[in-house]
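*Asks:* Residues in the sequence shown are numbered from 477 upward in steps of one, following my numbering.
Worth flagging that the hints you see were computed from the coordinates, not collected in a lab.
Fair warning: there could be bad hints in the mix.
The following label-pair restraints were derived from C-beta to C-beta distances [as the list claims (entries may be wrong)]:
1) 624 <-> 860: 37 to 43 Å
2) 545 <-> 864: 48 to 54 Å
3) 742 <-> 823: 24 to 30 Å
4) 523 <-> 676: 55 to 61 Å
5) 546 <-> 1012: 47 to 53 Å
6) 523 <-> 694: 39 to 45 Å
7) 524 <-> 718: 53 to 59 Å
8) 540 <-> 772: 46 to 52 Å
Okay, derived cross-link-like pairs now, DSSO-like style, lysine-lysine, Cα gap no bigger than 27 Å in a straight line [claimed, not checked]:
9) 708 <-> 988
10) 945 <-> 958
11) 582 <-> 636
Fair warning: this is a prediction, and the values are worked out from it, not measured in the lab.
Backbone N, C-alpha and C fix where the C-beta goes; we use that ideal spot for every residue, glycine too.
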Amino acid sequence: MSFLPINKNDMEQRGWEYIDILFVSPEAYIDHPSFGQSIITRLLEDKGYRVGVLSEPDISSCEDFKRFGEPRLAILISGGVIDSMVNNYTANRNRRKKDCYASYGKTRPDRALIVYSQRAKEAYKEVPIIIGGAEATMRRFAHYDYWQNIVRRSVLFDAKADILVYGMGENAIIEIIALLDKSVPIESITNVKGTAYISKLLPKPNKRFQDIELPSFELVSQYKNEYAKAFKIQYEEQDPVWGARILQKHNDRYLVCNPMSDPLSTEMMDYIYSLPYERTYHPQYEKTGGIDAIKEVKFSVTSHRGCYGNCSFCSIVLSQGRIIQKRSRESILNEITGLTEDKDFCGYIHDLSGPTANFTNPSCKKQLKQGMCRNKQCLFPEPCENLEVSHKDLLDTLFEARKIPKVKKVFIRSGLRYDYMMLDKDKSVIDKICMHNISGQLKTAPEHVSDKVLNLMGKPSFSIYCTFKERFENANKKIGLKQYILPYFISGHPGSTINETIKLTEYLIESKFVPEQIQDFYPTPGSLSTCMYYTGYNPITMEKVYVPNARDRRVERALLQFNNPINNRIAHETLVKHGRKDLADRIISRKRTKNS
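I would like the entire structure built from these sequences, with the hints used as guidance.
*Replies:* Encoded structure:
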């Protein structure tokens, strides 16, 4: 095994005179299946293509993009595992001090896809440019941009790329590259699922796909109700079986977005995760201390993709989709066995999961053939009667993993849907997970205590969390372990008023829990919650939604972190103003007790 070439010298050592594909990424080169760039490059390598990896290129000129010479087929540009603006700035629009995906002293450029595409086009005008990754996925339609506070057109227009690949791109990339290798012109590649392209004319009807036209960029950028209508269509058509081809006019041209890629089969998932990854960062980073991003994932294993939880603020539906795509147990156990041979392995698998750890199987039998239900969710607002609830597959895999020599513990750290767990008729599930798969703390995401806010978040009633918490604590008492729930809460989400936040503050005081970290609601591109934040409408119902302004967002955060000296004063004044002097006196009392 070896890393893919990163320069001409590496090419010469392999006896290459040229590369077929140049893969460009704003992140350091980490060859691990937790990172999309590694999966795509290894997959293309396994298909017989010569791939050069250009990580963190210098954007002061296009010279870095000429490092390998002109690629024969295409330049693939990824925005990375996270949108560049989300990565570079906090929810308060402050520049982050560090990029954990970057090498020492480097940061990715703002709007990386656009910058890299421009430089790539400068270097090689005739080579097709294909963009992908999280940034492309979430910005493929006209979208609200939090940092400029405007609606921007599809990133495909600004990047001036030939094709955009969205979601999980394996199938689309293989198909596109195979067509290019057969000398099919890039402008003729228009029927690949999971892709978008620009058309000068309204596309002709397609036998494969039904067409739906969105309100134009000009309309959605001018009228918020039109933006909400457009978002509703995009959101509801996210299905690989019955989803439509979506058209959106931008001035005198059309964005054409084909339906999602088909879900990957178990055989394909096993194949992807069996490719010869080095599972670490490139040796060139050793002299500067390595790359932080590898620390949490080096001994983690992906068991599945997709999530049918549909949290409003989450982007999983728009990227991985709602249909669960799983690996075989044999594939998972083989990967864990391989990890035990690593010189740094200490006996612990840090995480075995997917977007939601206990969604390891499709929610019901019909979806693989018929797709997910249109205008209906599996768990919200109530669990569907057809939802199949079982943790047996998960527990059996965890049990088999523990039996592998050298494995001491297999942890679940990516989060469990406690509402789904509470539906399981097997009441021993919580006991078993507490006994074997928690490293002292279980991360959960109740997000709020107000059912009004939770309803807009697409989350279950807070009473379900309270019942789960009680069950969790009883389970740990029964097995004699001191383990704790670490709940996450969001401040400033659409629908959250000061009064709703005071309810959460009261809960924190009553439970004697003050979170060290609060997640300020972050309007990331493409999410349902972001649409609410920008338009003031719930796009699904078109009902008006209260949106906290900047001052209210600061007050909400202060209420939830009242132990901080500055926050304490703001929280105290707010509580008194809203007739809750009793709570105001209690947070002062808590502060004095802590100081003494």
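*Asks:* So, for every hint listed, does it hold in this structure?
*Replies:* Here is what the structure says about each hint:
| no. | hint | result |
| --- | --- | --- |
| 1 | 624 <-> 860: 37 to 43 Å | 39 Å, holds |
| 2 | 545 <-> 864: 48 to 54 Å | 53 Å, holds |
| 3 | 742 <-> 823: 24 to 30 Å | 28 Å, holds |
| 4 | 523 <-> 676: 55 to 61 Å | 32 Å, violated |
| 5 | 546 <-> 1012: 47 to 53 Å | 49 Å, holds |
| 6 | 523 <-> 694: 39 to 45 Å | 41 Å, holds |
| 7 | 524 <-> 718: 53 to 59 Å | 35 Å, violated |
| 8 | 540 <-> 772: 46 to 52 Å | 29 Å, violated |
| 9 | 708 <-> 988 | 40 Å, violated |
| 10 | 945 <-> 958 | 14 Å, holds |
| 11 | 582 <-> 636 | 26 Å, holds |
Violated hints for the displayed structure, listed by number in ascending order: 4, 7, 8, 9.
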